[in-house]
Amino acid sequence: MLTSPLYLIGLVAVGIPIAIHLLQLRRYRKVYFSNVDMLQELQSENRRQNNLRRLLILAARILTVVFLVLAFCQPVIPNRHAQMRPGGTVVSVYIDNSFSMECGGMEGSLMESAKAKALEIVEAYRPDDQFQLITTDAAGSQFHWLSKEDFLNAVDQLQVTSASTPLAVIASRQQQFLHSAVAANRHAYVVSDFQRSTSDLLGFPTDSTVSTTFIPLGGTQVDNLYLDSLVFDAPAYFPGATVRVGVSVTNHGGKSVEQLPLRLFVGGKQYALTSVDLPAHGSAQAQMSFTIPSAGTLQGYVETTDYPITFDDRLYFTLSVADQMPMLTISGNSANSSLSRLFANDSLVRYHQTSFSQVDYSHLADNQFIILDELHAVSSGMAQTLQDFLTAGGSLLVVPPADAEVVSYNQFLASIHAPQLGTWDRKASRVAEVQLSHPLYRGVFQGQHDNMELPTVQSHYLLTQSSSTVAQPVITFADGSPYLVSLPVGQGTLYLVSAPLRSEYTDFVGQALFVPTIYNMALFSTLQLPPYAMLSSADPIPLAGTFDADAVMHLTNADGSYDIIPSIRRQGSGHCLVLHDQVAQAGNYMLSPLGQGISFNYSRQESQLDFFSRDELQRLVRQQSIPGCQVVPSAAKSMTDYVRLRHQGTPLWRLCLCLALLFLLVEIVLIRIKK
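Residues are numbered in the working numbering as their position in the sequence shown, beginning at 1, plus a constant of 167.
Derived from the structure by calculation, the hints contain no laboratory data. In this text, all values refer to a predicted model and were calculated from it rather than measured experimentally. Hints may be right or wrong, so weigh each one.
As the list claims (entries may be wrong) - Taking lysine-lysine pairs in the DSSO-like style, the calculated list, with each CA pair at most 30 Å apart, reads:
#1 K282 to K315
#2 K315 to K804
#3 K804 to K282
Start from the sequences and build out the full structure, keeping to the hints where you can.
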């Protein structure tokens, strides 16, 4: 079978040696001698030899031209197992351009080796075939067909990216795009180092109509130290508060490391320095702390030093520091003196108290913590407003009075799947247990105190819980019934106490436990956004603050060299940021004019530099029964020859070229013999 039969037109060149042969023919002259017996015998013998030699030279020249033309036609012996079918061919080549491809392989840079393999693959196909180049970004701009020349240009411009996409996801999108083309032959190639953390073959698509080829580049394992995550142990951030930062460090290497330095920078200044010892193939935790200097957006990073892999040696973070926390107490009959004494003179809390008849529903969302203190009933309008308040991230403490209109309370509590008010129990009950592991008491107590003074309640409502509620008891009575429960509602938290917070109903308001319980409800009500986002995640990034519908948001980096207009979407009662892979570099960014800081970090999946070997890949392909999938036996082999041998058959162009040279040599030898 001829791959390029159009070159057969070159056989016209056979006429050139034939024309030369005819022009060289000449008639013999007769020469008369007195004795021609022996001359006549010699003349007859030379004529036969000359005619034979000319014919052999002609044949050698013709065969030289024929085999030279056939070499350009690229004849092949068809492969009956993977024969190319008529109807066109589409080819999709995936080049892994993640951070791990910056490592050196057996033949130098893995990235450069991947580019070379892609070029070799394309050379094996016809100029009129269609090609796609897909990378780890899997950007929408990559899902269109390219000509051979455009494909080569795209490969030449390819750069390493911070994206980290599982191989199964890439393969699914690759095969879906191949099916979008009308073609009889669909070929997919995966050129990668096959890193274990991202090359999950369990979800690899099994499509028998697509011929898949794995080309492992032979990545070598590299010892690497990296910062894994940051955890901030603080209920809220206020000026002058001390924040403890937990740093998780991982050693992905076979040697233990001692005294690895860690540095904490906030606002461009170094605030803390510590070190950590890491076991081989293990992790360790380090604690660092700093004092918040001022209110506003606080940005910084934690870094270490490790070579040659450096992209994961820094973790950026953003904290939103509030000047004051606004809260509101809505009172029923009269103001609660216990609550006013707790909050009125606190510099961190902007405390307001109002009666039920004077509530302005339009400004309830301006607060972060609201206390419903002994309202006789909860109207439908207030119930809906409070539900929206909770969903948006606010915190609400519900303190029902002894004479509450239970039906209205329960309608509101049922709408947010909270425990409901039951009968009023006039029997005195003593608190038996306080859940000190609850976030309200984080950092308040050191261990369990058996001699802790626990409150007594003279009378209270029995709280009933349905199977649909996920309320968590915070303080419980001896019979197991709850006195105080907490419940997540949307992004906010609901707290429900079963008795009024007055001395005539309980001595809780006069005990030491009262202050951290209620005060931390207020502090924890500050909406804490995640300190950073990972660039590999496609999840929307929640935002805080009030949005102007007419304002154009700009996302910029610290030096102003990067400026984009991101997509802002409404999510529930709040807003979120959707980047669409617009940010490629880790760092601290600002969203203006909202004034909110956002930090981005690289995915740590690329930090685990372990790779599958060829034997392991072949075993996984057999175990997963991926049809039409083969693993290239050697990365050193020319992919051009491999592709042609697999999809077209055994190529004969080299044989034809050798035969053409052989007959050219025969021609030279015959001419020299003649001379």
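Hint by hint, here is what the structure shows:
For the suggested pair K282 and K315, the alpha carbons sit about 14 Å apart, so the restraint of at most 30 Å is met. Proximity of K315 to K804 is assessed by CA-CA distance (about 22 Å); at most 30 Å being required, the pair is judged to hold. Distance restraint check for K804 and K282: the Cα-Cα separation of roughly 15 Å lies within the 30 Å cut-off, and the hinted pair is therefore satisfied.
Going through the hint list in order, the structure satisfies each hint without exception.
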